[in-house]
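Chemist: Residue-level listing of the chains:
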Amino acid sequence: MTQPRPANDRVHLGQDSPDRQALIERARHLSPHLSPDDTHVSPIRGGREGADERLSWVDPIAYGRTRNHLDGAVTQLSPFIRHGVVSLAQVRDRVLSSVGSASQAEKMIQQLAWRDYWQRLYAEMGETIWEDCEAYKTGFQRDDYADELPEDILNADTGVAAMDMFIHELVTTGWLHNHARLYLASYICHFRRVKWQAGARFFLKHLLDGDVASNNLSWQWVASTFANKPYYFNLENLQKFSGSHVDTSYHNNKPLAGTYEALHLTLFPNLDPPVPQAAQQTKQKKRRRS
Amino acid sequence: MSAIVWVHWEALSEDHPVFSAAPDDARRIFGWDADDLARRDWSLKRCVFVLECLEDMGVEIMEGRPSDVLNDLNSSSVFTATSPDPYIRQEITKIEADVSVIKAEPFASVPENVDMKRFFRYWNKAKKTVLLPTENQTYS
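Read top to bottom, the protein sequences are chains B and F. First residue of the first sequence? That's 808 in the numbering used here, and the numbers climb one at a time after it. First residue of the second sequence? That's 13 in the numbering used here, and the numbers climb one at a time after it.
Treat the hints loosely; a few may be bogus.
Unchecked claim - Where chain B lies over chain F, by a calculated footprint (3+ residues, C-beta under 8 Å):
(1) 24 to 32
(2) 57 to 64
(3) 105 to 113
(4) 116 to 124
(5) 136 to 149
If you are wondering where the hints come from, they were derived from the structure by calculation, not from laboratory data. Since this is a predicted model, take the numbers as computed values, not measurements. Even glycine gets a Cβ: it sits at the ideal position worked out from N, Cα and C.
Whole structure, please, built from the sequences with the hints as guidance.
Modeler: Written out as structure tokens, the structure reads:
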């Protein structure tokens, strides 16, 4: 523990650092927990100018159409929203002013509302946000999951090319597209069977927008401890939403390949097999007819 | 001593209503708590990002636990922004001066009795107000 210091002995840092390198050194000096080999700094810079620039990129119609694509029209406003550099209300007003009708803004404002929702829940939950909200619905118990992340995940050396790329991006830039976060969280939790808490701590360490409320509850949603079923994906889905910058080749991502039914059997062997999609559709048609 | 605005992680903007609630001559203080950062285990890039935000705002950064920093300054009143973060909430309770906790501009009105177990139960209530500009919002 650091000993409290008398007021006149505290370091005052009211003035600007002369350049970014000086600021980085100052951040390091103020944060003795940082390891010397933690050297990555984000291309996203803090401050009002960065927030205003990203507000000017807001395009709710393109966002609504492409936001799930890893190269879609997302704004990277999240680090600024997380730290209140811009408020949800300010972003909402900007979104509304850039469309003809409120309905065109709904998709983007709904995403902002997720943050409001998580924050309200966090205010009620406090530190219990680190506990499983509900039991896993994967056919496994909590103790079946590893407590810590394996070294190959920490080192972006899993051998699954897309996951290694997402981990590298997370660690070096501090930002990851939301869909990439879901893929990576699902990979860690279900393909590698690691407790969501270990993954959540890893994300909070690196994400510039890392916020316990959004982060932990999204992890719990993926894990199924705050949802009715686990979230998992296959290579085909990853290929559909990834741009050309992600290696989604079969050869370099074999563990992710397969139909949803086949992956379900592999990932959740204790659960009943899922109803195949074709059979589900026939059932729905019958229900509609009757 | 005059009033202080305690700036914390959740409200790094002079647009936050906490600044208009406090007297114009209030000092703006940020308590940089190395122990809290170690507990959170933030990487260098996170520490750099928030320091960039703080320098941009021109607030005074003082090392130490915020409640210790503020109590040492013997201020009569402290203004700060609301937060769901348990650490910040606990710090607020340790401040000896009168504390005013100020909300951000309203985003959505949701009745207190709404079932928050799933997002869409919240959204069905929130969407009645959330698509309106902030000037038409009220706090809830």
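Chemist: Decide, hint by hint, whether the structure agrees.
Modeler: Status of each hint after checking the structure:
| no. | hint | in the structure |
| --- | --- | --- |
| 1 | 24 to 32 | holds (count 4) |
| 2 | 57 to 64 | holds (count 8) |
| 3 | 105 to 113 | violated (count 0) |
| 4 | 116 to 124 | holds (count 6) |
| 5 | 136 to 149 | holds (count 8) |
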